[in-house]
Amino acid sequence: MPGASEIFDFGAVTYAAAAKRHILGVKPASIKKYSVYSSVVAAEMALGVQKAGRADYGVGITGIAGPDGGTEQKPVGTVYVAVAFDHKVWVKRLAVEHSARQRVRRMATQTALDMLRRLVLGLPLPDTRLFGRHDVQDF
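Each step along the sequence shown adds one to the number in UniProt numbering, with nothing skipped, and position 43 is 43.
Derived from the structure by calculation, the hints contain no laboratory data.
Among the hints, erroneous ones may be present.
[To be verified] In silico PhoX-like links for lysine-lysine, alpha-carbon gap of 20 Å or less:
1. LYS27 - LYS88
2. LYS74 - LYS32
3. LYS88 - LYS51
4. LYS51 - LYS27
5. LYS74 - LYS33
[As the list claims (entries may be wrong)] Ranges of calculated distance between the beta carbons of each label pair, as one might list FRET restraints:
6. LEU123 - LYS27: 26 to 32 Å
7. ALA100 - GLY53: 28 to 34 Å
8. GLN102 - ALA19: 18 to 24 Å
9. ASP135 - MET1: 32 to 38 Å
10. GLY25 - ARG129: 17 to 23 Å
11. GLN102 - ASP135: 32 to 38 Å
12. ALA55 - ALA100: 28 to 34 Å
13. ARG129 - PHE8: 23 to 29 Å
14. LYS33 - PRO75: 16 to 22 Å
15. LYS32 - ILE7: 31 to 37 Å
16. LYS27 - ALA100: 28 to 34 Å
All C-beta atoms in this analysis are idealised placements derived from N, C-alpha and C, irrespective of residue type, glycine included.
Could you build the full structure based on these sequences and the hints that come with them?
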C-alpha cells in the first residue's frame, strides 16, 4: 500500500518464546510464570514492539489459535491482544470458541486494529484492562 511506511515502520512475528525474549524483550520470568499465552506476555510484547520500533504505539498478540495446544484454563481460541501507548498498556482477552484457526487469527487481528483505532481517536476501549508499564497482571 503506497505510503504505509509513513505510519508503519516495524513489525515482528515471534512464535517462539526465544524470539519473544530476544527481539521484543519479554522477560523469561514472565514466560515461566504465566506461559507465552498470557496477558502479561502480550503486554510485554506490545511494549517491546513500541521500544524496538521507537514508535508511539505498540501491539502484541499471543494466544492459542489451534487446532491443538489448548488447556482447560486456556482452551483453543484464547487470545490476548495488547496495545501500548503513553506508558500504559491495554489488554483484552478473547475467547473465540469452536472456531477454525483462520477465524481465531482474523478476530485477533480485527481486535488489535480496533483497539489501536480507538486509542488514536481517543475513544474508550471496552472490555480491556489497563495497566501501567510495570504493574501488568495475568487474567
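Going down the list of hints, with the structure as the test:
no. : hint                        : verdict
1   : LYS27 - LYS88               : holds, 18 Å
2   : LYS74 - LYS32               : holds, 16 Å
3   : LYS88 - LYS51               : holds, 13 Å
4   : LYS51 - LYS27               : holds, 14 Å
5   : LYS74 - LYS33               : holds, 15 Å
6   : LEU123 - LYS27: 26 to 32 Å  : holds, 31 Å
7   : ALA100 - GLY53: 28 to 34 Å  : holds, 31 Å
8   : GLN102 - ALA19: 18 to 24 Å  : holds, 22 Å
9   : ASP135 - MET1: 32 to 38 Å   : holds, 37 Å
10  : GLY25 - ARG129: 17 to 23 Å  : holds, 21 Å
11  : GLN102 - ASP135: 32 to 38 Å : holds, 35 Å
12  : ALA55 - ALA100: 28 to 34 Å  : holds, 32 Å
13  : ARG129 - PHE8: 23 to 29 Å   : holds, 26 Å
14  : LYS33 - PRO75: 16 to 22 Å   : holds, 20 Å
15  : LYS32 - ILE7: 31 to 37 Å    : holds, 35 Å
16  : LYS27 - ALA100: 28 to 34 Å  : holds, 32 Å
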